[in-house]
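Numbering-wise, the sequence shown is residues 1 to 395 according to the working numbering.
Don't take each hint at face value.
What the hints assert, rightly or not - The list that follows gives simulated cross-link-like pairs (lysine-lysine, BS3-like), each with its CA atoms no further than 25 Å apart:
hint, residue 1, residue 2
1, Lys383, Lys346
2, Lys70, Lys159
3, Lys65, Lys91
4, Lys15, Lys84
5, Lys65, Lys346
6, Lys195, Lys242
7, Lys346, Lys195
8, Lys148, Lys282
9, Lys242, Lys148
10, Lys368, Lys15
11, Lys83, Lys148
12, Lys282, Lys196
13, Lys282, Lys195
14, Lys70, Lys100
15, Lys368, Lys265
16, Lys15, Lys70
17, Lys368, Lys91
18, Lys65, Lys159
19, Lys346, Lys196
20, Lys159, Lys15
21, Lys265, Lys70
22, Lys91, Lys148
23, Lys368, Lys70
24, Lys15, Lys265
25, Lys83, Lys383
26, Lys242, Lys265
What the hints assert, rightly or not - Cβ pair distances, simulated, as ranges:
hint, residue 1, residue 2, range
27, Pro13, Ile111, 42 to 50 Å
28, Ser174, Thr82, 29 to 37 Å
29, Asp344, Phe169, 24 to 32 Å
30, Phe376, Ser174, 17 to 25 Å
Just so you know, these hints were derived from the structure itself, not from any lab. Backbone N, C-alpha and C fix where the C-beta goes; we use that ideal spot for every residue, glycine too.
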Amino acid sequence: MTAQSENADTLCPPKTIFEIFKKKDSVFVMKPVRNNFFLLIPVIGSQPATGFMFGAVAQYTFKGKLAEDKYSIANVGIIYTTKKQWMINVKNNILLNNNKIFLSGDYRFYIFSQPNYGLGTGIIPGHTVDADFEISSIAEPMDYNYFKFHQTASWRVSKDFYLGGGLNFDWYSSINDYNLDVENEQFTEHYNYSKKYNFDNTEYFINGFNFNAVYDSRDNQVNASRGWYANLNYRLNPVFFKNQDYSGVLYGEYRHFIPLFNPHKRYILALWAYGQFVVNGKVPYLNLPALGWDQRSRSGEGYTQGLFRGPGLVYLSTEFRFPITCNQLLSGVVFTNFITASNDDKSVRLFNSIQPAAGVGLRLLIDKATKTNLIFDYAWGRKSEGFYLNAGETF
1 MTAQSENADT
11 LCPPKTIFEI
21 FKKKDSVFVM
31 KPVRNNFFLL
41 IPVIGSQPAT
51 GFMFGAVAQY
61 TFKGKLAEDK
71 YSIANVGIIY
81 TTKKQWMINV
91 KNNILLNNNK
101 IFLSGDYRFY
111 IFSQPNYGLG
121 TGIIPGHTVD
131 ADFEISSIAE
141 PMDYNYFKFH
151 QTASWRVSKD
161 FYLGGGLNFD
171 WYSSINDYNL
181 DVENEQFTEH
191 YNYSKKYNFD
201 NTEYFINGFN
211 FNAVYDSRDN
221 QVNASRGWYA
231 NLNYRLNPVF
241 FKNQDYSGVL
251 YGEYRHFIPL
261 FNPHKRYILA
271 LWAYGQFVVN
281 GKVPYLNLPA
291 LGWDQRSRSG
301 EGYTQGLFRG
311 PGLVYLSTEF
321 RFPITCNQLL
331 SGVVFTNFIT
341 ASNDDKSVRL
351 FNSIQPAAGV
361 GLRLLIDKAT
371 KTNLIFDYAW
381 GRKSEGFYLN
391 AGETF
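Produce the complete structure using the sequences and hints provided.
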(Lines of atoms letter the chains of each structure in order from A and count residues from 1; the text may use other names and numbers.)
(Lines give C-alpha, C1' and ligand atoms only; values in the text may rest on other atoms or scores of the structure.)
Protein backbone atom coordinates (compact mmCIF):
# COMPACT_ATOMS: atom_id res chain seq x y z
CA MET A 1 0.00 0.00 0.00
CA THR A 2 1.38 3.44 -0.88
CA ALA A 3 1.84 6.30 1.60
CA GLN A 4 -0.97 8.24 -0.09
CA SER A 5 -3.40 5.34 0.24
CA GLU A 6 -2.38 4.89 3.89
CA ASN A 7 -3.22 8.55 4.46
CA ALA A 8 -6.58 8.00 2.78
CA ASP A 9 -7.32 5.12 5.18
CA THR A 10 -6.35 7.33 8.14
CA LEU A 11 -8.63 10.16 7.04
CA CYS A 12 -11.44 7.76 6.21
CA PRO A 13 -10.79 4.51 8.11
CA PRO A 14 -12.42 1.32 6.80
CA LYS A 15 -15.61 0.28 8.56
CA THR A 16 -17.49 -3.02 8.48
CA ILE A 17 -21.24 -3.53 8.71
CA PHE A 18 -20.81 -4.83 12.28
CA GLU A 19 -19.17 -1.56 13.39
CA ILE A 20 -22.15 0.50 12.22
CA PHE A 21 -24.07 -0.70 15.27
CA LYS A 22 -21.24 -0.09 17.76
CA LYS A 23 -20.96 3.00 19.91
CA LYS A 24 -18.46 5.42 18.42
CA ASP A 25 -15.19 5.89 20.30
CA SER A 26 -14.36 9.46 21.27
CA VAL A 27 -10.83 8.95 19.94
CA PHE A 28 -9.92 6.80 16.98
CA VAL A 29 -7.55 4.03 18.10
CA MET A 30 -5.71 1.74 15.68
CA LYS A 31 -6.34 -1.91 16.59
CA PRO A 32 -3.90 -4.72 15.84
CA VAL A 33 -4.58 -6.63 12.64
CA ARG A 34 -5.97 -10.09 13.29
CA ASN A 35 -4.47 -13.12 11.55
CA ASN A 36 -7.77 -14.99 11.27
CA PHE A 37 -11.46 -14.44 10.62
CA PHE A 38 -14.37 -16.86 10.99
CA LEU A 39 -17.60 -16.26 9.12
CA LEU A 40 -20.88 -18.15 9.32
CA ILE A 41 -23.61 -16.95 6.96
CA PRO A 42 -27.01 -18.33 6.05
CA VAL A 43 -27.63 -19.28 2.45
CA ILE A 44 -31.06 -18.29 1.15
CA GLY A 45 -31.78 -18.01 -2.54
CA SER A 46 -33.26 -19.46 -5.66
CA GLN A 47 -32.09 -20.54 -9.09
CA PRO A 48 -33.51 -22.80 -11.80
CA ALA A 49 -31.18 -25.72 -11.01
CA THR A 50 -32.10 -25.88 -7.32
CA GLY A 51 -35.37 -24.04 -6.71
CA PHE A 52 -35.50 -22.33 -3.31
CA MET A 53 -32.47 -23.24 -1.21
CA PHE A 54 -31.39 -22.66 2.35
CA GLY A 55 -28.48 -23.70 4.51
CA ALA A 56 -25.24 -22.28 5.87
CA VAL A 57 -21.63 -21.71 4.86
CA ALA A 58 -18.79 -21.48 7.36
CA GLN A 59 -15.57 -19.87 6.13
CA TYR A 60 -12.28 -19.59 7.99
CA THR A 61 -9.66 -17.16 6.70
CA PHE A 62 -6.24 -17.20 8.34
CA LYS A 63 -2.53 -16.51 7.88
CA GLY A 64 0.77 -17.12 9.63
CA LYS A 65 2.49 -14.70 11.96
CA LEU A 66 5.09 -13.44 9.50
CA ALA A 67 4.39 -10.22 7.62
CA GLU A 68 4.89 -11.86 4.22
CA ASP A 69 2.45 -14.71 4.94
CA LYS A 70 -0.64 -14.62 2.75
CA TYR A 71 -4.20 -15.40 3.77
CA SER A 72 -5.59 -18.90 3.32
CA ILE A 73 -9.24 -19.93 2.99
CA ALA A 74 -11.14 -23.04 4.05
CA ASN A 75 -14.91 -23.35 3.96
CA VAL A 76 -17.72 -25.83 4.51
CA GLY A 77 -21.24 -25.48 3.15
CA ILE A 78 -24.43 -27.49 3.71
CA ILE A 79 -27.46 -26.63 1.60
CA TYR A 80 -30.92 -28.15 1.18
CA THR A 81 -33.35 -27.18 -1.57
CA THR A 82 -37.05 -27.46 -2.33
CA LYS A 83 -36.12 -29.94 -5.08
CA LYS A 84 -35.00 -32.28 -2.26
CA GLN A 85 -31.33 -31.77 -3.02
CA TRP A 86 -28.55 -31.99 -0.46
CA MET A 87 -25.24 -30.27 -1.28
CA ILE A 88 -22.28 -30.65 1.05
CA ASN A 89 -19.11 -28.80 0.00
CA VAL A 90 -15.64 -28.60 1.53
CA LYS A 91 -13.10 -26.33 -0.18
CA ASN A 92 -9.55 -25.32 0.69
CA ASN A 93 -6.94 -22.93 -0.72
CA ILE A 94 -4.24 -22.96 1.92
CA LEU A 95 -0.68 -21.64 2.09
CA LEU A 96 1.58 -23.25 4.69
CA ASN A 97 5.13 -22.88 6.02
CA ASN A 98 5.66 -19.23 5.09
CA ASN A 99 3.90 -19.63 1.69
CA LYS A 100 6.15 -22.55 0.70
CA ILE A 101 3.32 -25.09 0.30
CA PHE A 102 0.07 -24.48 -1.54
CA LEU A 103 -2.91 -26.82 -1.04
CA SER A 104 -6.06 -26.66 -3.14
CA GLY A 105 -8.98 -29.02 -2.60
CA ASP A 106 -12.58 -29.54 -3.64
CA TYR A 107 -14.70 -32.19 -1.90
CA ARG A 108 -18.43 -32.63 -2.54
CA PHE A 109 -21.28 -34.96 -1.75
CA TYR A 110 -24.48 -34.17 -3.60
CA ILE A 111 -27.87 -35.81 -3.61
CA PHE A 112 -28.72 -33.87 -6.67
CA SER A 113 -31.01 -33.13 -9.57
CA GLN A 114 -29.99 -31.04 -12.53
CA PRO A 115 -31.35 -30.96 -16.09
CA ASN A 116 -29.10 -31.65 -19.05
CA TYR A 117 -29.41 -29.49 -22.13
CA GLY A 118 -27.11 -31.08 -24.69
CA LEU A 119 -23.55 -30.26 -25.63
CA GLY A 120 -22.01 -27.05 -26.92
CA THR A 121 -23.09 -23.42 -26.60
CA GLY A 122 -25.14 -23.66 -29.79
CA ILE A 123 -28.05 -25.15 -27.81
CA ILE A 124 -29.43 -21.59 -27.51
CA PRO A 125 -30.27 -20.46 -31.07
CA GLY A 126 -29.59 -17.00 -32.43
CA HIS A 127 -32.14 -14.21 -32.11
CA THR A 128 -33.07 -14.47 -35.77
CA VAL A 129 -33.78 -18.20 -35.50
CA ASP A 130 -36.33 -18.33 -32.70
CA ALA A 131 -37.14 -15.23 -30.67
CA ASP A 132 -39.64 -17.22 -28.54
CA PHE A 133 -37.13 -19.93 -27.56
CA GLU A 134 -37.17 -20.95 -23.88
CA ILE A 135 -34.31 -22.87 -22.23
CA SER A 136 -36.83 -25.05 -20.40
CA SER A 137 -37.91 -26.48 -23.77
CA ILE A 138 -34.62 -28.40 -24.13
CA ALA A 139 -34.18 -29.39 -20.48
CA GLU A 140 -33.84 -33.11 -19.79
CA PRO A 141 -34.43 -33.62 -16.03
CA MET A 142 -32.13 -35.99 -14.17
CA ASP A 143 -31.44 -37.11 -10.58
CA TYR A 144 -28.11 -38.49 -9.43
CA ASN A 145 -25.72 -38.71 -6.49
CA TYR A 146 -22.26 -37.22 -6.83
CA PHE A 147 -19.14 -37.76 -4.75
CA LYS A 148 -16.03 -35.72 -5.55
CA PHE A 149 -12.54 -35.73 -4.06
CA HIS A 150 -9.97 -33.46 -5.69
CA GLN A 151 -6.83 -32.43 -3.82
CA THR A 152 -3.52 -30.99 -5.02
CA ALA A 153 -0.36 -30.10 -3.12
CA SER A 154 2.28 -27.85 -4.69
CA TRP A 155 5.67 -26.77 -3.42
CA ARG A 156 7.33 -23.42 -4.06
CA VAL A 157 10.32 -23.74 -6.38
CA SER A 158 10.91 -20.00 -6.78
CA LYS A 159 9.20 -16.77 -5.77
CA ASP A 160 5.42 -17.16 -6.33
CA PHE A 161 5.90 -20.29 -8.48
CA TYR A 162 4.79 -23.78 -7.36
CA LEU A 163 4.96 -27.30 -8.78
CA GLY A 164 3.14 -30.38 -7.54
CA GLY A 165 0.35 -32.82 -8.16
CA GLY A 166 -2.67 -34.48 -6.67
CA LEU A 167 -5.48 -37.01 -6.79
CA ASN A 168 -8.90 -36.84 -8.45
CA PHE A 169 -11.92 -39.05 -7.91
CA ASP A 170 -15.46 -38.52 -9.26
CA TRP A 171 -18.33 -40.96 -8.74
CA TYR A 172 -21.80 -40.54 -10.25
CA SER A 173 -24.41 -43.02 -9.04
CA SER A 174 -28.18 -43.62 -8.94
CA ILE A 175 -28.57 -41.75 -12.23
CA ASN A 176 -32.26 -41.38 -13.10
CA ASP A 177 -32.84 -39.92 -16.58
CA TYR A 178 -36.53 -39.00 -16.51
CA ASN A 179 -37.06 -38.44 -20.22
CA LEU A 180 -35.47 -41.74 -21.18
CA ASP A 181 -37.82 -44.44 -22.51
CA VAL A 182 -35.76 -47.01 -24.38
CA GLU A 183 -38.71 -49.29 -25.16
CA ASN A 184 -40.48 -46.48 -27.02
CA GLU A 185 -37.22 -45.20 -28.53
CA GLN A 186 -37.29 -41.94 -26.59
CA PHE A 187 -33.64 -41.18 -25.98
CA THR A 188 -31.78 -38.38 -24.21
CA GLU A 189 -28.49 -36.60 -24.78
CA HIS A 190 -26.97 -38.35 -21.77
CA TYR A 191 -28.10 -41.80 -22.91
CA ASN A 192 -26.93 -41.35 -26.51
CA TYR A 193 -23.51 -40.11 -25.40
CA SER A 194 -23.10 -42.90 -22.83
CA LYS A 195 -23.99 -45.63 -25.30
CA LYS A 196 -21.82 -44.21 -28.07
CA TYR A 197 -18.73 -44.19 -25.83
CA ASN A 198 -19.53 -47.37 -23.86
CA PHE A 199 -20.35 -45.86 -20.48
CA ASP A 200 -23.04 -47.27 -18.21
CA ASN A 201 -25.85 -44.70 -18.25
CA THR A 202 -26.85 -45.37 -14.60
CA GLU A 203 -23.47 -45.20 -12.78
CA TYR A 204 -19.86 -44.39 -13.57
CA PHE A 205 -16.74 -43.13 -11.90
CA ILE A 206 -13.49 -41.63 -13.09
CA ASN A 207 -10.28 -41.63 -11.06
CA GLY A 208 -6.77 -40.41 -11.72
CA PHE A 209 -3.95 -38.11 -10.74
CA ASN A 210 -2.70 -34.75 -11.92
CA PHE A 211 0.39 -32.64 -12.43
CA ASN A 212 0.03 -29.05 -11.28
CA ALA A 213 1.85 -25.72 -11.83
CA VAL A 214 0.80 -22.51 -10.07
CA TYR A 215 1.99 -18.92 -10.19
CA ASP A 216 0.45 -16.57 -7.62
CA SER A 217 1.57 -12.98 -7.03
CA ARG A 218 -1.78 -11.73 -5.68
CA ASP A 219 -1.60 -9.63 -2.54
CA ASN A 220 -4.69 -11.34 -1.08
CA GLN A 221 -6.50 -14.36 -2.46
CA VAL A 222 -9.71 -13.38 -0.62
CA ASN A 223 -9.99 -10.01 -2.37
CA ALA A 224 -7.00 -9.17 -4.52
CA SER A 225 -6.17 -5.57 -5.45
CA ARG A 226 -3.08 -6.36 -7.53
CA GLY A 227 -1.08 -9.25 -8.95
CA TRP A 228 -2.00 -12.27 -11.00
CA TYR A 229 -2.65 -15.95 -10.65
CA ALA A 230 -2.14 -18.77 -13.17
CA ASN A 231 -2.76 -22.49 -12.88
CA LEU A 232 -1.93 -25.23 -15.38
CA ASN A 233 -3.20 -28.70 -14.49
CA TYR A 234 -3.07 -31.93 -16.49
CA ARG A 235 -5.24 -34.77 -15.21
CA LEU A 236 -4.49 -38.33 -16.31
CA ASN A 237 -7.26 -40.93 -15.88
CA PRO A 238 -6.02 -44.51 -16.38
CA VAL A 239 -8.30 -47.54 -16.73
CA PHE A 240 -8.50 -49.52 -13.50
CA PHE A 241 -12.02 -50.97 -13.64
CA LYS A 242 -14.81 -51.78 -16.07
CA ASN A 243 -16.94 -49.00 -17.54
CA GLN A 244 -13.92 -46.68 -17.75
CA ASP A 245 -11.96 -45.16 -20.59
CA TYR A 246 -8.47 -43.76 -20.58
CA SER A 247 -8.51 -39.97 -20.79
CA GLY A 248 -6.42 -36.85 -20.35
CA VAL A 249 -7.92 -33.52 -19.33
CA LEU A 250 -6.07 -30.20 -19.51
CA TYR A 251 -7.11 -27.22 -17.37
CA GLY A 252 -5.64 -23.73 -17.62
CA GLU A 253 -6.67 -20.68 -15.58
CA TYR A 254 -5.57 -17.04 -15.43
CA ARG A 255 -6.65 -14.19 -13.14
CA HIS A 256 -5.28 -10.66 -13.24
CA PHE A 257 -6.02 -7.72 -10.93
CA ILE A 258 -5.07 -4.27 -12.20
CA PRO A 259 -5.38 -1.23 -9.88
CA LEU A 260 -6.62 1.88 -11.70
CA PHE A 261 -6.45 5.56 -10.80
CA ASN A 262 -3.59 5.21 -8.30
CA PRO A 263 -2.83 5.87 -5.49
CA HIS A 264 -6.12 4.74 -3.96
CA LYS A 265 -6.15 1.23 -5.50
CA ARG A 266 -9.84 0.81 -4.84
CA TYR A 267 -10.74 0.90 -8.52
CA ILE A 268 -9.83 -2.53 -9.83
CA LEU A 269 -10.06 -4.07 -13.27
CA ALA A 270 -10.26 -7.84 -12.70
CA LEU A 271 -9.93 -10.50 -15.40
CA TRP A 272 -10.65 -14.22 -15.12
CA ALA A 273 -10.22 -16.72 -17.90
CA TYR A 274 -10.09 -20.49 -17.89
CA GLY A 275 -10.26 -23.36 -20.33
CA GLN A 276 -10.82 -27.07 -19.83
CA PHE A 277 -10.28 -29.62 -22.59
CA VAL A 278 -10.55 -33.39 -22.97
CA VAL A 279 -7.36 -33.89 -24.99
CA ASN A 280 -7.22 -37.71 -25.00
CA GLY A 281 -9.85 -40.44 -24.77
CA LYS A 282 -13.37 -39.88 -23.47
CA VAL A 283 -14.89 -38.99 -20.11
CA PRO A 284 -18.47 -39.73 -18.96
CA TYR A 285 -21.15 -37.18 -19.85
CA LEU A 286 -21.56 -35.59 -16.41
CA ASN A 287 -17.78 -35.23 -16.05
CA LEU A 288 -17.40 -33.22 -19.24
CA PRO A 289 -16.28 -29.60 -18.70
CA ALA A 290 -19.38 -27.61 -17.73
CA LEU A 291 -20.23 -24.05 -16.74
CA GLY A 292 -20.50 -23.40 -13.01
CA TRP A 293 -18.57 -26.51 -11.96
CA ASP A 294 -15.32 -24.71 -11.13
CA GLN A 295 -13.90 -25.16 -7.62
CA ARG A 296 -16.11 -22.51 -6.00
CA SER A 297 -19.02 -22.77 -8.48
CA ARG A 298 -18.69 -19.06 -9.33
CA SER A 299 -18.40 -19.07 -13.13
CA GLY A 300 -21.27 -18.25 -15.45
CA GLU A 301 -23.34 -15.75 -13.48
CA GLY A 302 -26.47 -15.17 -15.55
CA TYR A 303 -26.83 -18.85 -16.49
CA THR A 304 -27.88 -21.91 -14.54
CA GLN A 305 -25.13 -24.31 -13.49
CA GLY A 306 -24.44 -27.01 -16.09
CA LEU A 307 -26.35 -25.28 -18.88
CA PHE A 308 -23.33 -25.35 -21.22
CA ARG A 309 -21.20 -28.47 -21.41
CA GLY A 310 -18.79 -30.04 -23.88
CA PRO A 311 -15.40 -31.74 -24.39
CA GLY A 312 -13.88 -28.26 -24.73
CA LEU A 313 -14.90 -25.15 -22.79
CA VAL A 314 -13.48 -21.60 -22.58
CA TYR A 315 -14.71 -18.96 -20.15
CA LEU A 316 -13.87 -15.26 -19.74
CA SER A 317 -15.10 -12.83 -17.10
CA THR A 318 -14.24 -9.15 -16.62
CA GLU A 319 -15.14 -7.00 -13.61
CA PHE A 320 -14.76 -3.32 -12.80
CA ARG A 321 -14.76 -2.92 -9.02
CA PHE A 322 -15.25 0.55 -7.52
CA PRO A 323 -15.86 2.18 -4.10
CA ILE A 324 -19.22 3.68 -3.20
CA THR A 325 -18.49 4.91 0.33
CA CYS A 326 -15.21 6.42 1.48
CA ASN A 327 -14.93 4.02 4.42
CA GLN A 328 -15.05 0.95 2.11
CA LEU A 329 -18.23 -0.28 3.79
CA LEU A 330 -20.05 -0.38 0.47
CA SER A 331 -18.60 -0.89 -2.99
CA GLY A 332 -19.90 -1.97 -6.35
CA VAL A 333 -19.08 -3.97 -9.45
CA VAL A 334 -20.18 -4.17 -13.06
CA PHE A 335 -19.21 -7.26 -15.00
CA THR A 336 -19.52 -9.29 -18.17
CA ASN A 337 -18.77 -12.91 -18.96
CA PHE A 338 -18.56 -15.04 -22.08
CA ILE A 339 -18.72 -18.82 -22.53
CA THR A 340 -18.09 -21.13 -25.47
CA ALA A 341 -18.26 -24.94 -25.48
CA SER A 342 -17.77 -27.50 -28.24
CA ASN A 343 -19.76 -30.53 -29.42
CA ASP A 344 -17.59 -32.98 -31.37
CA ASP A 345 -20.53 -35.19 -32.32
CA LYS A 346 -22.15 -32.32 -34.25
CA SER A 347 -18.87 -30.76 -35.47
CA VAL A 348 -19.44 -27.67 -33.31
CA ARG A 349 -16.05 -26.22 -32.45
CA LEU A 350 -15.00 -23.75 -29.79
CA PHE A 351 -15.94 -20.14 -30.64
CA ASN A 352 -18.51 -21.24 -33.25
CA SER A 353 -21.05 -20.04 -30.71
CA ILE A 354 -20.38 -17.65 -27.81
CA GLN A 355 -22.96 -16.91 -25.12
CA PRO A 356 -22.60 -13.59 -23.23
CA ALA A 357 -23.90 -12.33 -19.90
CA ALA A 358 -23.63 -9.10 -17.92
CA GLY A 359 -24.50 -7.94 -14.44
CA VAL A 360 -24.13 -5.57 -11.52
CA GLY A 361 -23.38 -6.13 -7.87
CA LEU A 362 -22.89 -4.65 -4.41
CA ARG A 363 -20.19 -5.47 -1.88
CA LEU A 364 -20.62 -5.12 1.90
CA LEU A 365 -17.43 -5.17 4.00
CA ILE A 366 -17.58 -7.64 6.89
CA ASP A 367 -13.87 -7.95 7.81
CA LYS A 368 -11.19 -5.31 7.32
CA ALA A 369 -8.04 -7.37 7.82
CA THR A 370 -8.91 -10.01 5.21
CA LYS A 371 -10.99 -7.59 3.07
CA THR A 372 -13.83 -10.11 3.08
CA ASN A 373 -17.05 -8.84 1.49
CA LEU A 374 -20.55 -10.18 1.26
CA ILE A 375 -21.38 -10.08 -2.43
CA PHE A 376 -24.78 -9.51 -3.98
CA ASP A 377 -24.88 -9.94 -7.77
CA TYR A 378 -27.63 -9.95 -10.36
CA ALA A 379 -26.79 -11.10 -13.87
CA TRP A 380 -28.56 -11.44 -17.19
CA GLY A 381 -27.66 -13.98 -19.86
CA ARG A 382 -29.45 -14.89 -23.07
CA LYS A 383 -32.89 -16.24 -22.13
CA SER A 384 -31.64 -16.53 -18.54
CA GLU A 385 -30.93 -14.50 -15.38
CA GLY A 386 -30.11 -15.07 -11.73
CA PHE A 387 -29.33 -13.61 -8.28
CA TYR A 388 -26.20 -14.63 -6.37
CA LEU A 389 -25.20 -14.28 -2.71
CA ASN A 390 -21.70 -15.28 -1.61
CA ALA A 391 -18.84 -14.43 0.73
CA GLY A 392 -15.57 -13.29 -0.81
CA GLU A 393 -15.14 -12.02 -4.34
CA THR A 394 -16.44 -13.98 -7.33
CA PHE A 395 -12.80 -14.63 -8.25
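A quick look at each hint next to the structure:
1. Lys383 with Lys346: holds (23 Å)
2. Lys70 with Lys159: holds (13 Å)
3. Lys65 with Lys91: holds (23 Å)
4. Lys15 with Lys84: Distance ~39 Å between Lys15 and Lys84 Cα, so the pair is violated.
5. Lys65 with Lys346: Roughly 55 Å between the alpha carbons, so the hint for Lys65 and Lys346 is violated.
6. Lys195 with Lys242: holds (14 Å)
7. Lys346 with Lys195: holds (16 Å)
8. Lys148 with Lys282: At roughly 19 Å apart (the allowed maximum being 25 Å), Lys282 and Lys148 satisfy the hint.
9. Lys242 with Lys148: holds (19 Å)
10. Lys368 with Lys15: holds (7 Å)
11. Lys83 with Lys148: OK: Lys83 and Lys148 at ~21 Å, within 25 Å.
12. Lys282 with Lys196: holds (11 Å)
13. Lys282 with Lys195: holds (12 Å)
14. Lys70 with Lys100: Given pair Lys70, Lys100 holds - Cα atoms ~11 Å apart, limit 25 Å.
15. Lys368 with Lys265: holds (15 Å)
16. Lys15 with Lys70: holds (22 Å)
17. Lys368 with Lys91: holds (22 Å)
18. Lys65 with Lys159: holds (19 Å)
19. Lys346 with Lys196: holds (13 Å)
20. Lys159 with Lys15: violated (33 Å)
21. Lys265 with Lys70: holds (19 Å)
22. Lys91 with Lys148: Given pair Lys91, Lys148 holds - Cα atoms ~11 Å apart, limit 25 Å.
23. Lys368 with Lys70: Status holds; Cα separation ~15 Å.
24. Lys15 with Lys265: holds (17 Å)
25. Lys83 with Lys383: holds (22 Å)
26. Lys242 with Lys265: violated (55 Å)
27. Pro13 with Ile111: 42 to 50 Å: holds (46 Å)
28. Ser174 with Thr82: 29 to 37 Å: Violated: the Cβ-Cβ distance is about 20 Å, outside 29 to 37 Å.
29. Asp344 with Phe169: 24 to 32 Å: holds (25 Å)
30. Phe376 with Ser174: 17 to 25 Å: violated (35 Å)
Violation of the numbered hints given earlier is confined to hints 4, 5, 20, 26, 28 and 30; the remaining hints are satisfied by the structure.
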